[in-house]
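Trainee: With chain B held as given, fit chain X onto it using these hints.
Those sequence lines, one after another, are chains B and X.
Its first residue numbered 8, the first sequence is counted upward by one per residue in the numbering used here.
Its first residue numbered 8, the second sequence is counted upward by one per residue in the numbering used here.
It is possible that some hints are incorrect.
Copies of the same chain are indistinguishable here, so a pair counts whether it falls within one copy or spans any two.
The list that follows gives simulated cross-link-like pairs (lysine to any residue, SDA-like), each with its CA atoms no further than 25 Å apart [what the hints assert, rightly or not]: (1) Lys-43 / Asp-193; (2) Lys-125 / Arg-67; (3) Lys-43 / Arg-67; (4) Lys-14 / Arg-110; (5) Lys-75 / Ala-183; (6) Lys-125 / Gly-69; (7) Lys-169 / His-103; (8) Lys-14 / Asn-105; (9) Lys-14 / Arg-81.
No wet-lab data here; the hints were simulated from the structure.
Number of protein chains: 2
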Amino acid sequence: MAHSEIKALLFDVFGTVVDWRGSITREMQRFGEAHKINQNWEQFALDWRALYQPAMEGIRSGDRGYVKLDQLHRENLQQLLHGYELEALSETQLDHINRVWHRLQPWADSLPGMNRLKKNYVVASLSNGNVELMVNMARHSAIPWDMILGSETAQGYKPQDKVYLHGAQMLGLKPAQCMMVAAHNDDLHAARSLGFKTAYINRPYEYGDSQARDLEAEEPWDIVGEYMTDIATGLGC
Amino acid sequence: MAHSEIKALLFDVFGTVVDWRGSITREMQRFGEAHKINQNWEQFALDWRALYQPAMEGIRSGDRGYVKLDQLHRENLQQLLHGYELEALSETQLDHINRVWHRLQPWADSLPGMNRLKKNYVVASLSNGNVELMVNMARHSAIPWDMILGSETAQGYKPQDKVYLHGAQMLGLKPAQCMMVAAHNDDLHAARSLGFKTAYINRPYEYGDSQARDLEAEEPWDIVGEYMTDIATGLGC
Numbered sequence: 008m009a010h011s012e013i014k015a016l017l018f019d020v021f022g023t024v025v026d027w028r029g030s031i032t033r034e035m036q037r038f039g040e041a042h043k044i045n046q047n048w049e050q051f052a053l054d055w056r057a058l059y060q061p062a063m064e065g066i067r068s069g070d071r072g073y074v075k076l077d078q079l080h081r082e083n084l085q086q087l088l089h090g091y092e093l094e095a096l097s098e099t100q101l102d103h104i105n106r107v108w109h110r111l112q113p114w115a116d117s118l119p120g121m122n123r124l125k126k127n128y129v130v131a132s133l134s135n136g137n138v139e140l141m142v143n144m145a146r147h148s149a150i151p152w153d154m155i156l157g158s159e160t161a162q163g164y165k166p167q168d169k170v171y172l173h174g175a176q177m178l179g180l181k182p183a184q185c186m187m188v189a190a191h192n193d194d195l196h197a198a199r200s201l202g203f204k205t206a207y208i209n210r211p212y213e214y215g216d217s218q219a220r221d222l223e224a225e226e227p228w229d230i231v232g233e234y235m236t237d238i239a240t241g242l243g244c
Numbered sequence: 008m009a010h011s012e013i014k015a016l017l018f019d020v021f022g023t024v025v026d027w028r029g030s031i032t033r034e035m036q037r038f039g040e041a042h043k044i045n046q047n048w049e050q051f052a053l054d055w056r057a058l059y060q061p062a063m064e065g066i067r068s069g070d071r072g073y074v075k076l077d078q079l080h081r082e083n084l085q086q087l088l089h090g091y092e093l094e095a096l097s098e099t100q101l102d103h104i105n106r107v108w109h110r111l112q113p114w115a116d117s118l119p120g121m122n123r124l125k126k127n128y129v130v131a132s133l134s135n136g137n138v139e140l141m142v143n144m145a146r147h148s149a150i151p152w153d154m155i156l157g158s159e160t161a162q163g164y165k166p167q168d169k170v171y172l173h174g175a176q177m178l179g180l181k182p183a184q185c186m187m188v189a190a191h192n193d194d195l196h197a198a199r200s201l202g203f204k205t206a207y208i209n210r211p212y213e214y215g216d217s218q219a220r221d222l223e224a225e226e227p228w229d230i231v232g233e234y235m236t237d238i239a240t241g242l243g244c
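Just chain B, with the same shape it has in the complex:
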């Protein structure tokens, strides 16, 4: 297909650009060793992430006004304290743990692919993470965003239409001039329904051995690749 109309790439981030499961597991393993807390920290990461969609649903449905993801993460963390022996920690320590999402590390192929893409296209995040989280993550991990868009600037949560449409609008672009890049079929489905181009990256280990969804492209997305560098190659970068 011809991609000459595309001006910007909008990226999902958690799971697509960065490895939240591995990053949280590694950091909590170090934390656990330092604090003599012996737990299955990979399961902790998975349990924390499992509370993510339900927490956003209250805001999407309108039952609750917009609050940013840092706050939802903190509320969700609260539910895990007892099960993971974290109840005795101070608020400062818990805030540090909560901000592990600000320190997530990219998959090995992410920066090589994104740095190639950035030469020819605007690269912007379109994540459910809030701005501060995304700014800190980018500074921590050298993610070369031209702009941070998504949930907080649009005051909603994907897959709400307004998050995608506000992102394109802020860049002065029509949806067809934007390509959504994600490892999640539902994210691309929502973007495509609004006229966005779509690129799927296969991340079958995002959730570890037990991953049951997003094991392959479920629709004929405009580009399908195993790595971010495949997206760059697909766009001639």
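Mentor: Chain X alone, transformed into the frame defined by chain B:
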């Protein structure tokens, strides 16, 4: 003074980071030569900029809903077409001229200073320029923003309070954790009144030989410098 509380630097852009007068003059001189239009293009740049504040005032006052700066620039350009022999140009050509604001070049000291500052602080724009304009300018001139804030994300125009406060809020910071960097005393005055720290850069040639304002710091700003690198030095970077 101690600056340990500061986490982010928020920059005015037109005149502070980039030289709009020189950039527009140079590009229009080349355009004039190519199209056999002989005009005083520095005066054109000054006349265009002189329409900037009046155009924003209608939005600040509430007489007009928010429109982005690209549109105000285009409306203002329309008023100059007759006087500068630009009436015969196509809409495509006029759009290209209007987007000269997307291609402004930094003062010589801006990037050296900002790249030093970025190592220790979040660096974000807090300009009246719209997001697309700022993204394109950053890509054109290698300006190392961590985030683009200001007018369009806040849906207002400086010196409206909400533009400054929304910028700090998006970064998850209190005003006192942010330092506004500008070559304009009124911009810093507005920021300081809301609790921001302030850094003044002297740009006495922003408007050329005839400059009548902002020839010096008019209040005891937290940092005062001749160059962006002085701000970096002042903050220990």
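Trainee: If a hint holds in the structure, say so; if it does not, say that too.
Mentor: The hints, checked one at a time:
Taking the shortest Cα distances, Lys-43 and Asp-193 never come within 25 Å of each other, neither inside one copy (40 Å) nor across copies (55 Å). In the homo-oligomer, the alpha carbons of Lys-125 and Arg-67 never lie at most 25 Å apart, since the shortest distance is 32 Å inside one protomer and 35 Å across protomers. When the C-alpha separation of Lys-43 and Arg-67 is checked against a cutoff of 25 Å, the pair qualifies neither within a copy, at 39 Å, nor between copies, at 57 Å. In this assembly of identical chains, the alpha carbons of Lys-14 and Arg-110 lie at most 25 Å apart only when taken from different copies (17 Å versus 29 Å within one copy).
For the identical chains of this complex, Lys-75 and Ala-183 are inter-copy neighbours only, at 21 Å across copies versus 28 Å inside a copy, given an alpha-carbon limit of 25 Å. Taking identical chains as interchangeable, the C-alpha atoms of Lys-125 and Gly-69 are never at most 25 Å apart, the minima being 36 Å within one chain and 38 Å between chains. In this assembly of identical chains, the alpha carbons of Lys-169 and His-103 never lie at most 25 Å apart, being 31 Å within a copy and 30 Å across copies at closest. Only between protomers do Lys-14 and Asn-105 lie at most 25 Å apart by alpha-carbon distance; the minimum there is 19 Å, versus 35 Å within a single protomer.
For a Cα distance limit of 25 Å, the shortest separation of Lys-14 from Arg-81 across copies, 22 Å, qualifies, whereas the shortest one inside one copy, 36 Å, does not.
Of the numbered hints listed earlier, those contradicted by the structure are 1, 2, 3, 6, 7.
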